[in-house]
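Q: Using the sequences provided together with the hints, build the complete structure.
Just so you know, the sequences run in chain order A and B.
Position one of the first sequence corresponds to residue 1 (UniProt numbering), numbered consecutively onward.
Position one of the second sequence corresponds to residue 1 (UniProt numbering), numbered consecutively onward.
Do not rely on the hints blindly, as some may be mistaken.
[Stated by the list, open to error] Partial pick of chain B residues on the chain A-facing surface, computed with a CB cut under 7 angstroms: (1) D19; (2) R222; (3) A277; (4) T281; (5) N293; (6) A296; (7) R299; (8) G301; (9) L357.
These are computed hints drawn from the structure, not numbers from a lab.
Bear in mind that the values here come from a model prediction, so they are computed numbers and not experimental data.
Each residue gets a CB set at the ideal place from its N, CA and C atoms; glycine is no exception.
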Amino acid sequence: MIDTPDGPVPTGELVLSLRGVSKNFGAVSALTDIDLDVHAGEVVALVGDNGAGKSTLVKILAGVHQPSSGSISFRGTPVTLADPSAALTLGIATVFQDLALCENLDIVANIFLGRELNPLRLDEVAMEVRAWTLLNELSARIPSVREVVASLSGGQRQTVAIARSLLLEPKLILLDEPTAALGVAQTAEVLNLIERVRDRGLGVVIISHNMEDVRAVADRIVVLRLGRNNGIFSPDASNQELVSAITGASNNSVSRRAERRQAQTARPDQTQEPRP
Amino acid sequence: MSSDVQQTAPVPPQLDRADVRVKHEAGIGGAIRRFFDRVRSGDLGSLPVIVGLVIIWTVFASINPIFLSSSNLVNLLFDCSTVGVIALGIVCVLMVGEIDLSVGSISGFASAMVGTLWVNQGWPVALAILAAIAVGGFIGALYALLFNRLGMPSFVSTLAGLLAVLGLQLYILGSTGSINLPYGSNLVNFGQLLMMPKFVSFGLAAVPGIVMLVTGLRTVARRRAANLSAPSTGGLITRAAVITVILELIVFYLNQARGIPWMFGLFVGLVIAMHYALTRTKWGRSMSAVGGNREAARRAGINVRLIYSSAFVLCSMLAAFGGVLSAARLASASQQAGTGDVNLNAIAAAVIGGTSLFGGRGSAYSALLGIIVIQSIASGLTLLDLSSSLRYMITGAVLAIAVIVDSLARRSRVSHGRA
Chain A
1 MIDTPDGPVP TGELVLSLRG VSKNFGAVSA LTDIDLDVHA GEVVALVGDN GAGKSTLVKI
61 LAGVHQPSSG SISFRGTPVT LADPSAALTL GIATVFQDLA LCENLDIVAN IFLGRELNPL
121 RLDEVAMEVR AWTLLNELSA RIPSVREVVA SLSGGQRQTV AIARSLLLEP KLILLDEPTA
181 ALGVAQTAEV LNLIERVRDR GLGVVIISHN MEDVRAVADR IVVLRLGRNN GIFSPDASNQ
241 ELVSAITGAS NNSVSRRAER RQAQTARPDQ TQEPRP
Chain B
1 MSSDVQQTAP VPPQLDRADV RVKHEAGIGG AIRRFFDRVR SGDLGSLPVI VGLVIIWTVF
61 ASINPIFLSS SNLVNLLFDC STVGVIALGI VCVLMVGEID LSVGSISGFA SAMVGTLWVN
121 QGWPVALAIL AAIAVGGFIG ALYALLFNRL GMPSFVSTLA GLLAVLGLQL YILGSTGSIN
181 LPYGSNLVNF GQLLMMPKFV SFGLAAVPGI VMLVTGLRTV ARRRAANLSA PSTGGLITRA
241 AVITVILELI VFYLNQARGI PWMFGLFVGL VIAMHYALTR TKWGRSMSAV GGNREAARRA
301 GINVRLIYSS AFVLCSMLAA FGGVLSAARL ASASQQAGTG DVNLNAIAAA VIGGTSLFGG
361 RGSAYSALLG IIVIQSIASG LTLLDLSSSL RYMITGAVLA IAVIVDSLAR RSRVSHGRA
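A: Encoded structure:
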């Protein structure tokens with residue numbers, strides 16, 4: 001089934017295993033027959049073009065959507081992820097692309113949303129301390145955790161969302177475009193964090209369009225195309241291979257552009273002149 | 001505060017004071033500046049309603065000094081309590097961004113139930129009240145079912161409920177159309193006469209300040225132990241003292257007349273309980289979250305349907321309880337109970353008090369402040385011997401102003417980066 005050109009052989013316990021997962025939205029098949037394995041201590045990158053089904057897959061794993069068919073097993077046992085709290089209870093934490101924060105609540109309330117300490121008499125002090133600890137681990141630049149989320153920048157919101165996913169000590173973290181809105185230093189911090197999480201023996205699934213980030217942290221790169229598996233690669237696979245798997249052809253706009261540039265650099269005498 | 005820190009060792013920054021870019025102003029001057037900053041950015045809180053109340057009271061008192069007499073204010077408190085309890089329920093549904101238009105009908109139905117069960121059927125009064133509240137809760141559960149399972153907008157389902165429950169009220173009242181509750185019974189006494197003894201009212205007025213001081217000091221100690229910045233003890237004592245003095249003065253003034261009605265005490269007790277539930281419990285947090293961003297709340301693992309159900313059920317139960325109180329106040333259960341302006345007064349009270357119609361922002365105190373505004377207008381115009389036509393127009397104008405202030409404040413909050 002899975003076309004594995006040079007997929008590396010992972011070690012470690014199988015945390016998550018998907019077999020034949022499909023999802024239809026009416027007549028549209030967003031996902032068809034997806035197989036995916038994530039092992040403990042491994043970073044799996046999901047890449048694919050817009051509309052390849054990456055976010056749908058993450059939402060299925062987070063319990064937001066339910067698959068139309070197929071099976072999911074988590075740590076060896078088959079599970080159904082009926083709703084987000086089921087996924088959270090199992091130990092699957094998700095950072096969504098649309099950040100899923102409540103703008104009218106402050107940062108502490110958002111980090112602990114649904115998992116407040118001491119439900120009948122909220123322990124604000126303990127929650128604030130834990131929030132600062134989590135944010136400091138991420139080297140976050142947050143002025144005050146008592147500000148409402150509406151007053152934060154995109155990058156700060158991303159940091160809050162990631163801090164929240166770490167709160168429950170999950171077994172598997174799903175990150176949907178975690179670095180898209182971040183600055184240089186914060187991107188590096190998030191990548192460091194992903195490695196730290198992996199080294200603690202957790203499984204990490206990361207979606208990204210940034211091939212540089214993907215190569216930097218991923219142990220395996222899983223390519224989706226039009227809702228189907230389209231190959232598994234190791235991070236040292238060539239850009240050409242990845243791009244052709246993502247776009248579905250060796251002759252595509254990206255490769256044509258690359259060839260054109262190569263051809264230009266091959267004739268340096270003509271490209272020296274500044275273009276008009 | 002830093003007396004225990006050695007002079008030689010560098011002071012480790014507190015967890016929430018580590019960011020050097022943020023100005024943290026201390027002291028009373030800082031507190032006042034922070035307050036003005038907040039107001040300027042549109043985070044008005046209870047300020048508009050308090051300003052409005054001062055204006056309304058000044059106008060009425062200058063026209064007719066009797067308005068501010070303690071005996072008139074005591075009557076005002078009686079009138080506030082019944083619709084105020086209903087408005088408290090409205091705060092709940094508004095918090096999750098929904099509405100209940102049938103609270104008036106439910107309150108009328110509840111008073112009719114108490115009348116029939118207690119007076120006509122001879123049930124014990126407590127059982128009749130409990131039955132009325134339980135039926136109110138059942139109606140709320142029905143709305144929740146329609147909303148959660150069938151996706152029926154609460155605006156429509158409760159509008160249907162308004163008519164259907166009014167029909168039920170007329171049905172159980174039958175042809176007589178009205179049932180008088182016996183004078184001298186505990187319920188009617190509670191609704192019309194029962195006052196707190198003076199020492200009790202003075203004692204209760206001291207409680208908020210004491211609670212504020214004790215919990216505040218405990219929080220300060222815990223925050224310092226956890227290496228967080230803490231508010232100054234002096235400011236805390238000042239605030240508690242100011243609150244206590246104001247409350248004691250109010251109680252002293254009202255005690256010049258009949259005193260504080262127990263019914264109003266019950267209403268304030270419910271308000272405080274609701275305030276605690278909304279701000280200090282997981283349930284309250286979930287209510288704000290669902291009202292602010294339903295999908296985010298769902299993804300955080302909150303049982304969104306359960307939260308909606310709790311809001312609808314609580315609102316209907318409080319509406320039913322408010323109906324029982326107004327039956328006690330009027331000593332009758334009639335076809336007119338709960339009709340007319342009860343419905344809209346309750347909703348207007350919550351909105352005038354500062355609870356947003358769009359969900360996620362609100363406070364239990366808005367029911368208290370809002371209903372005082374509305375009843376002040378009603379009472380002032382009655383004293384001026386003006387007809388209810390004028391009362392409706394003025395209340396309508398105040399409601400419109402309240403919503404305009406809310407909208408403008410929201411726009412300002414958005415441009416200042418506050419939710």
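Q: Could you run down the list of hints and mark each one as holding or not?
A: Hint check results:
1. D19: Since the shortest Cβ distance to chain A is 5 angstroms, the answer is holds.
2. R222: 5 angstroms, holds
3. A277: 9 angstroms, violated
4. T281: Since chain A brings a Cβ to about 6 angstroms from T281 (chain B), closer than 7 angstroms, the hint holds.
5. N293: Holds: closest Cβ of chain A sits about 5 angstroms from N293 (chain B), inside 7 angstroms.
6. A296: With a minimum Cβ separation of about 4 angstroms from chain A (threshold 7 angstroms), the hint on A296 (chain B) holds.
7. R299: 5 angstroms, holds
8. G301: 3 angstroms, holds
9. L357: This hint is violated: L357 (chain B) lies away from chain A, its Cβ roughly 14 angstroms from the closest one there, beyond 7 angstroms.
Hints 3 and 9 from the earlier list are contradicted by this structure; the remaining hints agree with it.
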